[in-house]
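K.L.:
Listed here are the chains, written in short residue letters.
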Amino acid sequence: MDVRAQLVMVFNLDKCIGCHTCSISCKNIWTDRKGAEYMWWNNVETKPGVGYPKKWENQDIFKGGWLRDGGKLKLRAMGKGPTLFNMFFQPNMPKLDDYYEPFDFDYSNLYKAPPGSDQPVAEAFSQVSGERIEKITGGPNWDDDLSGSQVYAVEDSNLEDRTLVADYGRMFMHYLPRICNHCLNPACVASCPSRAIYKRGEDGVVLVDQEVCKGWRFCTSACPYKKVYFNWQSGKAEKCIFCFPRTETGQCNACAHSCVGRIRHVGVLLYDADRVEEALLKPDDQLVAAHRDVILDPHDPEVREAARKNGVTDQWLEAAEKSPVYALVKEFAVALPLHPEFRTMPMAYYIPSLSPVISSGGDLYELSDHGTFPLLEKMRAPISFLASILSGGNQEIIAEILRKQIALRLFKRAGNLGQPIEESILKNAGLDEAGANRLYRLFTIAPYRERNVIPTQQREEQDSYQRKGASGYGILKKTRGPK
Amino acid sequence: MLNSFIFIVLPYTALALIIFVTPYRFFSNRLTWSAYSTQFLERKTLFWGINPWHYGIIPVLAAHVLGVVAPGPMKALLGNQNNLIVIESFGFALGLFAVFGCLVLLLRRVNTPILKRVTFASDWVVLYLLLAQALTGVYVASFMRWGSQWYLYTAVPYLWSLLTFNPQIEYMVDFPLVFKLHAAGAFLIVALLPFTKLVHLLYVPFDFLKDPPILYRWRSR
Ligand code: SF4
Ligand code: SF4
Numbered sequence: 001m002d003v004r005a006q007l008v009m010v011f012n013l014d015k016c017i018g019c020h021t022c023s024i025s026c027k028n029i030w031t032d033r034k035g036a037e038y039m040w041w042n043n044v045e046t047k048p049g050v051g052y053p054k055k056w057e058n059q060d061i062f063k064g065g066w067l068r069d070g071g072k073l074k075l076r077a078m079g080k081g082p083t084l085f086n087m088f089f090q091p092n093m094p095k096l097d098d099y100y101e102p103f104d105f106d107y108s109n110l111y112k113a114p115p116g117s118d119q120p121v122a123e124a125f126s127q128v129s130g131e132r133i134e135k136i137t138g139g140p141n142w143d144d145d146l147s148g149s150q151v152y153a154v155e156d157s158n159l160e161d162r163t164l165v166a167d168y169g170r171m172f173m174h175y176l177p178r179i180c181n182h183c184l185n186p187a188c189v190a191s192c193p194s195r196a197i198y199k200r201g202e203d204g205v206v207l208v209d210q211e212v213c214k215g216w217r218f219c220t221s222a223c224p225y226k227k228v229y230f231n232w233q234s235g236k237a238e239k240c241i242f243c244f245p246r247t248e249t250g251q252c253n254a255c256a257h258s259c260v261g262r263i264r265h266v267g268v269l270l271y272d273a274d275r276v277e278e279a280l281l282k283p284d285d286q287l288v289a290a291h292r293d294v295i296l297d298p299h300d301p302e303v304r305e306a307a308r309k310n311g312v313t314d315q316w317l318e319a320a321e322k323s324p325v326y327a328l329v330k331e332f333a334v335a336l337p338l339h340p341e342f343r344t345m346p347m348a349y350y351i352p353s354l355s356p357v358i359s360s361g362g363d364l365y366e367l368s369d370h371g372t373f374p375l376l377e378k379m380r381a382p383i384s385f386l387a388s389i390l391s392g393g394n395q396e397i398i399a400e401i402l403r404k405q406i407a408l409r410l411f412k413r414a415g416n417l418g419q420p421i422e423e424s425i426l427k428n429a430g431l432d433e434a435g436a437n438r439l440y441r442l443f444t445i446a447p448y449r450e451r452n453v454i455p456t457q458q459r460e461e462q463d464s465y466q467r468k469g470a471s472g473y474g475i476l477k478k479t480r481g482p483k
Numbered sequence: 001m002l003n004s005f006i007f008i009v010l011p012y013t014a015l016a017l018i019i020f021v022t023p024y025r026f027f028s029n030r031l032t033w034s035a036y037s038t039q040f041l042e043r044k045t046l047f048w049g050i051n052p053w054h055y056g057i058i059p060v061l062a063a064h065v066l067g068v069v070a071p072g073p074m075k076a077l078l079g080n081q082n083n084l085i086v087i088e089s090f091g092f093a094l095g096l097f098a099v100f101g102c103l104v105l106l107l108r109r110v111n112t113p114i115l116k117r118v119t120f121a122s123d124w125v126v127l128y129l130l131l132a133q134a135l136t137g138v139y140v141a142s143f144m145r146w147g148s149q150w151y152l153y154t155a156v157p158y159l160w161s162l163l164t165f166n167p168q169i170e171y172m173v174d175f176p177l178v179f180k181l182h183a184a185g186a187f188l189i190v191a192l193l194p195f196t197k198l199v200h201l202l203y204v205p206f207d208f209l210k211d212p213p214i215l216y217r218w219r220s221r
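As you go down the protein sequences, you meet chains Z and W in turn. Using our numbering, read the first sequence as starting at 1 and increasing by one per residue. Using our numbering, read the second sequence as starting at 1 and increasing by one per residue.
There could be a bad hint or two in this list.
What the hints assert, rightly or not - Not the full set, but computed from the structure, chain Z residues with beta-carbon under 8 Å of chain W:
hint : residue
1    : M93
2    : G130
3    : E131
4    : A190
5    : G201
6    : R217
If you are wondering where the hints come from, they were derived from the structure by calculation, not from laboratory data. Note that the Cβ used here is the ideal one computed from N, Cα and C, for glycine as well.
Okay, chain Z solo, but in the shape it has when bound:
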């Protein structure tokens, strides 16, 4: 057992209002600079939709992630040998147009324009070439709220029935905020010939060492989530850094901190690094179970002992016990990995969206039979769609979670109205009253420090004496030692 700690984010899709506040706060802090204009380390997509970059989920195009090859995993794109032969021209790399050409507006024209009979306008110009753009044809959320659904949403590869997007009676949508998943088996790391990308042992954050990266660009396509970006100015790759300067000091990531819907939870998971590969060799529909299997119980004394041996501090163990992420992912099993079948073992988890509560058109009279909430089978978002995104096609897992969510609502509604609660409703969904109340609290009124439990990186523990006397001198770099 090789127990390691990982910082993990959980997204409650049921609550995301698609406001993009998270994207903006991330952009303001990290990517508001030259070469990075087009990058959105955090982005929010409308599902169904093609996403950002367009069609990122289609691995026939970009060849990201891992494949099972006999009893082993291998990168979908290419092995080490072919990598060296494709360094000059990387055949799978997404291009600027797959994202969008970043633009800004020339506001100076508003006051500099000569007098005339027309209102002056702020013209758009490209932030890459500086040339004027006549017509803007793309953006990071161009198909927001199903706009242009005939062009974009129909292309969503998770949709079984594509006619759905044209049918107002059956149409549905939900949002999908995405950051780098800081995977346990990151394809970006494995693809880098310079070995510039690494996973931090202590908290699992995946980073690109800007000093080592030479811009070979394999990571940009190897990441099946397209969460490594090429900076066209610096000629190097960049990605979400999980706000490590913030989390190291116990603060929440900028995206989670600013989240208007309060949909996000950040916390620690303990996992068994020895079992990751074996878990990823399971068939697609068993991958969620395999994920849950690799995650360890922080209350188990054996796990704690093994974790301590690996250098996980008491503070981190305590955080792991209190982790809202552990509760959601493993205890209640309501949060699912995004596209587990890409086999990077992503460490961002999503609670599938129950909304819209309205079921397929025309059966409102039936609704009252079931007490305001529709039957699971009548939910508007097809279960197959959610399963294709969140469970490797396993519909039973999605149904289980939706059942829990529905039961929770019925339970709380009954409570609010002072009506008797049918116990079987909770029981059939695999919940009990205490559990339901805890889940309710996490989903709704839990305050900041309960939604996010982030232990600090105790650098001071390493050499507190030196830190006290030499802080400001960069104690990480050693001077000549004392005699």
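Here the structure of chain Z is known, so what remains is to put chain W with the ligands in place on it, guided by the hints.
P.N.:
Same frame as chain Z, but now just chain W with the ligands:
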């Protein structure tokens, strides 16, 4: 005068620059150490330029280097006239391939507006220099037959004399001008290497080939 400039001043300047400037750049600002790929912005034309260029120039360059590090086996190999013909024809074809690629790359920079912001003076210098170098090489290969043989018996001992700090430029002085230009171009490229994106040449994928796929860094270990 010209001879001693090309064959003594230039090579030693180049050597000094690559030895001293390269580590300086490495330790002072590795953030500029990149191949500066522009594939992200333009890829259609790039494909037809970058591949012919690299696949043409790398074997040719390797053959030049091999001649210096292993002159004995190379002499034996090229001593056989059939081998010589085959190898020279290959070299010539690869050279043409490289010239074609380099031309495409140059024209691409000229004709693609979106590349304007990522094209610096050093990019032009490198492109023109490499094109000139490939052209003089192809010229030598086509009009001075058996050049690869002479190379082993003249340029190679001369290069060794340089490395042992006993430059014997007699080996080189009687060659025609193009040949001298080709030599001068080579030294110039070496001299400019540490200042330009050509530093991407100084990369050996050793760790990549031997490491397990997932790389961890521990602060405490
Ligand atoms: S999401 Fe992509 S970039 Fe992030 S760790 Fe996984 S493979 Fe790497
Ligand atoms: S800030 Fe929160 S609610 Fe708003 S789009 Fe982002 S994740 Fe969704």
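K.L.:
Next, verify each hint and record whether it holds.
P.N.:
Hints, verified against the model:
Contact between Z:M93 and chain W, as hinted, is supported at the beta carbon level, the nearest pair being about 6 Å apart and thus within 8 Å. Of the supplied interface hints, the one on Z:G130 holds, with its beta-carbon coming within about 6 Å of a beta-carbon of chain W, less than 8 Å. At a threshold of 8 Å, the smallest CB-CB gap from Z:E131 to chain W is about 6 Å, leaving the interface hint in force. Hint status for Z:A190: holds, given a least beta-carbon distance of 4 Å to chain W, under 8 Å.
Look at Z:G201: its Cβ gets to within about 4 Å of chain W, closer than 8 Å, so that hint holds up. With its C-beta approaching chain W no nearer than about 6 Å, Z:R217 sits inside the 8 Å limit, and its interface hint holds.
This entry satisfies every hint, going by the numbered hints stated previously.
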